[in-house]
Amino acid sequence: MKKLIVSLIVVAMAVGVVAQKNMATEADYKKFFNTKTYVVMDDNPMSDFNFMIKKVMPRVWDVTEYEIISHSEFDEKRRDPSYSFIVTSTVTFDKDKTKARYTFISLLLGKDVYSITDMPDLCSIPLSYLRVEDDSYAYKMEGFIKFMQDHVKLVSQNPNIIGANMFKYYNKNVKSLNNKKLLLVKEDLTADINTLSKLQKEYPYHVEIVDQEIITKAIEDKDPDVVYLHKVGPEGTKYKARCYKIVIGAADSQFYYFDWHMVTPKNRDGLLLKDVKAMAK
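Sequence positions in the sequence shown follow mature numbering (1 follows the signal peptide of the UniProt record, and there is no 0) and run -19 to -1, 1 to 262.
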């Protein structure tokens, strides 16, 4: 279900997911732990996002007190620095010079500023291309929320990580994929790796092509042996756009691989052969 909770126009660095101007500081990360977190609902009460976020928050969120609020309440509260917010947003990248728009989920720190683009951004994760319905990612919400709070804990203890390319830090975890089962959905794969036989020629570890329900069960069961792909792309729409690829642990919600590419006739929308080779190192 399409949604637009907050219009967030981001002028991003080359491979970053947050704008330099609203990147959170070390002090911001420290402040977060003393805030109350408000989770902002979609304006559509029947959205998959609303259903899943209500289910996930009590299961995984333990870093701050939290409360669920409406979009109008967010507008009233967002200037208060004693609050933090989990909110979805529409993001564009001016440097890309495209009309592509994406849905991100962000953890923002309250601040008395004119625009939400100036609120300190503690963590932002791409969810989907804007035209893609939210049921394509809602079942992964537990992983996103758990990663978000673990990421804030990590950065507060290791502020040297702060930068435009923070998620690249997690690529060191590819070394742990040798004892994991990688679950992929066929629709997320480009043509040169869209069968098991093609994948196994390049990827030496356990890999399976499965349907969404198998990944959902692995996440719900917190299977420590499973990692899965979260792919964000234009899904066949006409616009040139970014394609994000994130491999996430079903149990620990760690990122094991993060990268993105611009969709072109050569590099299609989906996991690329070069991604598989990078994960096989």
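Incorrect hints may appear among the rest.
To be verified - Cut-off 30 Å, straight-line C-alpha distance, at most; resulting in silico cross-link-like pairs (DSS-like, lysine-lysine): (1) Lys156 <-> Lys92; (2) Lys149 <-> Lys162; (3) Lys262 <-> Lys156; (4) Lys12 <-> Lys36.
Stated by the list, open to error - Between beta-carbon pairs, the in silico distance windows are: (5) Asp173 <-> Ile49: 37 to 45 Å; (6) Glu183 <-> Ser96: 27 to 35 Å; (7) Pro246 <-> Asp61: 44 to 52 Å; (8) Asp173 <-> Asp93: 46 to 54 Å; (9) Lys203 <-> Glu114: 36 to 44 Å; (10) Glu46 <-> Glu7: 32 to 40 Å; (11) Lys221 <-> Ile49: 18 to 26 Å; (12) Asn160 <-> Glu194: 33 to 41 Å; (13) Ala232 <-> Lys149: 19 to 27 Å; (14) Lys92 <-> Asp173: 23 to 31 Å.
Worth flagging that the hints you see were computed from the coordinates, not collected in a lab.
Glycine is no exception: its CB is placed at the ideal position from the N, C-alpha and C atoms.
*Hint by hint, which ones does this structure get wrong, listed from lowest number up?*
1, 6, 9, 10, 11, 12 and 14
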